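K.L.:
Spelled out, the chains give:
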Amino acid sequence: MTRFRTMLRDALHRSPRFEAVVLLLPAGVWLAIFFAIPLGIVATYAFRPRHILGGVYPGWTTVHVVRLVEPLYLVVLQRSVLLSLVATLLALIVSYPIALVIVRATRWRALLLFLVVLPFWTSFLVRTYATIFLIRDTGLINHLLQAVGVIRQPLRMLYTPGAVLFGLVTGFVPFMVLPIYASLEKLDPALLEAAEALGAPEWRRFVRVTWPLTLPGVVAGSMLVFVPALGSFLTSDLLGGAKVELIGNLVQNQFTSARNWPFGSALSLLLLVVVMIGMLARLRLDRTRTRPRRGT
Amino acid sequence: MLALDRVTRCFNGVPAVDQVSFDVASGEFFSLLGPSGCGKTTTLRLIAGFDDPERDGGSIRMFGDVVIGKRPYQRPIGMVFQNYALFPHLNVADNIAFGLEERRIARREIRRRVDSALELMRLDPATYSARRPAELSGGQRQRVALARALVLEPRILLLDEPLAALDPQLRKQMRLELRQLNRTLGITFLLVTHDQEEALVMSDRIAVMSAGRVVQIGAPGEIYRRPRTAIVAEFIGEANIFQGTVVAIADGIATVTQSDGSHWRAAVPPAVTAGDRVDIAVRPEWHELASGHTEVPGTNALPGHVREIIFLGESVHAIVTLRDGRDARVALRHTGAMPGTLPWRVGDPVTLLWHMYDAQVLEQ
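Respectively, the protein sequence lines represent chains A and B.
Each residue of the first sequence is one higher than the one before, starting from 103 at the first, in my numbering.
Each residue of the second sequence is one higher than the one before, starting from 6 at the first, in my numbering.
Just so you know, these hints were derived from the structure itself, not from any lab.
Be careful, since some hints might not be right.
Calculated Cβ distances over 10 Å to all of chain B for the following chain A residues [claimed, not checked]: (1) Pro151; (2) Ile154; (3) Gln180; (4) Pro199; (5) Leu247; (6) Val250; (7) Arg306; (8) Leu315; (9) Ala322.
Only some residues are given here: those of chain A computed to face chain B with a beta carbon under 7 Å [what the hints assert, rightly or not]: (10) Pro256; (11) Pro291; (12) Leu293.
As the structure is a prediction and not an experimental result, all values here were calculated from the model.
Backbone N, C-alpha and C define an ideal beta-carbon position, used for all residues, glycine too.
Work out the full structure: start from the sequences and follow the hints.
P.N.:
What follows is the structure, given as structure tokens:
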């Protein structure tokens with residue numbers, strides 16, 4: 103045993119590459135079993151004939167993939183992408199000021215950060231149900247507004263696209279706040295003082311120094327909101343009342359009530375492709391930004 | 006030109022800058038020197054406008070105008086930050102152009118002024134304009150930071166420990182360059198440093214700060230030769246400090262008695278009067294060593310024995326243990342003396358000698 107240990111240690115010391123392989127092994131095995139193999143199954147199912155009771159028959163077909171370009175589904179995809187983009191933008195508008203406040207608060211910083219993370223202590227499902235109680239016709243907001251006399255008839259909020267958007271934004275705001283906070287926290291205050299000494303008032307300092315230097319945090323946060331929003335089905339199900347169909351709902355339906363696993367797989371692949379395009383665009387952006395710019 | 010009058014700034018009720026007053030002349034190279042926490046950086050930030058003094062906490066004037074309450078960019082200042090604070094997302098040219106762009110200067114004019122600022126700092130515009138700060142050496146970053154501040158043609162350049170991040174060789178070279186720059190540009194330089202050698206080399210005048218107060222202002226030679234207090238004597242250069250009581254003062258020379266009854270003579274500041282218990286500072290290089298126990302008329306003398314001989318390259322120091330058990334440091338004139346060729350060895354009895362003008366009575 104000890105001989106094996108010394109042998110292993112020597113090998114680790116001798117080759118940094120071997121060391122990297124050993125360190126990545128647990129994650130690699132995990133991802134292979136629970137990510138790569140299932141993904142492979144989904145990818146092959148998309149090209150299998152459909153079994154009427156769910157599952158697939160052996161053999162190959164492209165009908166499901168061809169069906170993806172039907173206008174019906176493209177409209178759903180378009181709606182999903184648009185809704186996710188708007189949700190991401192709203193989350194950004196809400197989160198950036200929050201992150202700024204947390205960074206500037208010296209005494210209350212730990213508490214504020216705790217409050218940002220607090221929603222994670224309950225499940226997403228529970229929080230979504232709580233939202234229903236808040237915004238339904240007989241919910242808290244309508245009750246209050248009626249009691250004050252602002253409105254007579256309850257406002258229709260639940261089961262609207264706005265409700266879905268609200269659910270997505272409130273659900274994902276912490277994912278946006280934390281990366282932006284991290285990048286703001288790393289920002290050297292001397293840079294802002296330098297900008298001020300050079301003549302930039304507060305707004306100009308934000309535009310020329312703070313924003314560009316925290317852009318990596320903004321991009322990271324946006325990915326963390328956009329990607330799960332695009333694949334979400336629970337929020338639109340519960341808050342949209344099955345009236346706001348997103349691509350996530352479509353996938354869920356194909357695997358459950360519609361019992362069309364191959365088409366569900368094809369839709370999943372479509373979703374994957376859309377996300378990949380977004381990721382690649384981001385990488386492209388990163389590369390152009392790190393490349394030295396021409397002098398003025 | 007730049008005038009601070011009883012400027013005070015407190016943090017949590019504790020004064021960080023306490024009744025600081027000084028005047029800086031136009032074109033002067035003025036340094037604030039002191040250990041960390043002495044209030045020199047806070048003073049600089051008050052001058053720059055990143056912070057303001059307390060209410061009724063004195064005044065800061067530039068060219069006759071009170072600047073308190075004005076933003077940094079409303080003051081005729083440029084600033085070089087401790088770690089340069091170059092914008093990492095902008096290249097060298099864009100860093101230098103930053104302030105010009107804020108002033109809405111025409112693009113062609115900006116380009117011309119950026120290039121001439123780079124040339125002033127002896128950086129080739131064609132080579133360096135497009136580089137990012139991360140692609141520069143420490144010395145080059147320093148030059149870009151200077152160019153960025155100077156391109157706006159400030160009348161006062163504030164420098165916050167500008168050389169602290171450089172390696173020693175480069176630091177020595179940059180000292181002379183900064184001095185040169187101050188002369189050629191003719192603008193006022195205000196330097197904050199904790200490095201006494203740096204302040205001595207570059208400054209026209211130095212304000213030594215301690216615990217939020219200015220303890221002495223003077224030319225480098227004056228501060229070195231005539232330190233007013235023990236703080237100054239020990240912070241700038243090295244000093245042996247002896248105690249005694251003043252018995253008489255005549256023509257700026259005090260006669261001081263020791264506990265053993267012997268009499269010394271030393272230069273004395275006006276604030277000291279006969280009867281005062283005082284400290285006397287003597288620089289290590291002002292001492293001479295004589296073998297055995299001797300007396301030389303007109304010279305102060307203290308017997309002791311050599312405890313240690315230290316070879317420092319450019320000089321040799323001897324540590325002499327005196328009769329009262331305390332140590333004094335002596336820098337031996339470097340006449341090619343090597344540790345082995347000195348007339349004393351560790352343990353030998355010696356006498357510490359020094360001239361009365363080479364001893365300074367300190368204020369208490």
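K.L.:
Against each hint, give a clear statement of whether it holds in the structure.
P.N.:
Consistency of the hints with the structure:
{"no.": "1", "hint": "Pro151", "verdict": "holds, 54 Å"}
{"no.": "2", "hint": "Ile154", "verdict": "holds, 58 Å"}
{"no.": "3", "hint": "Gln180", "verdict": "holds, 35 Å"}
{"no.": "4", "hint": "Pro199", "verdict": "holds, 22 Å"}
{"no.": "5", "hint": "Leu247", "verdict": "holds, 45 Å"}
{"no.": "6", "hint": "Val250", "verdict": "holds, 44 Å"}
{"no.": "7", "hint": "Arg306", "verdict": "violated, 6 Å"}
{"no.": "8", "hint": "Leu315", "verdict": "violated, 6 Å"}
{"no.": "9", "hint": "Ala322", "verdict": "holds, 16 Å"}
{"no.": "10", "hint": "Pro256", "verdict": "violated, 50 Å"}
{"no.": "11", "hint": "Pro291", "verdict": "violated, 9 Å"}
{"no.": "12", "hint": "Leu293", "verdict": "holds, 5 Å"}
In summary, the structure is inconsistent with hints 7, 8, 10 and 11 from the numbered list given earlier, while agreeing with the others.
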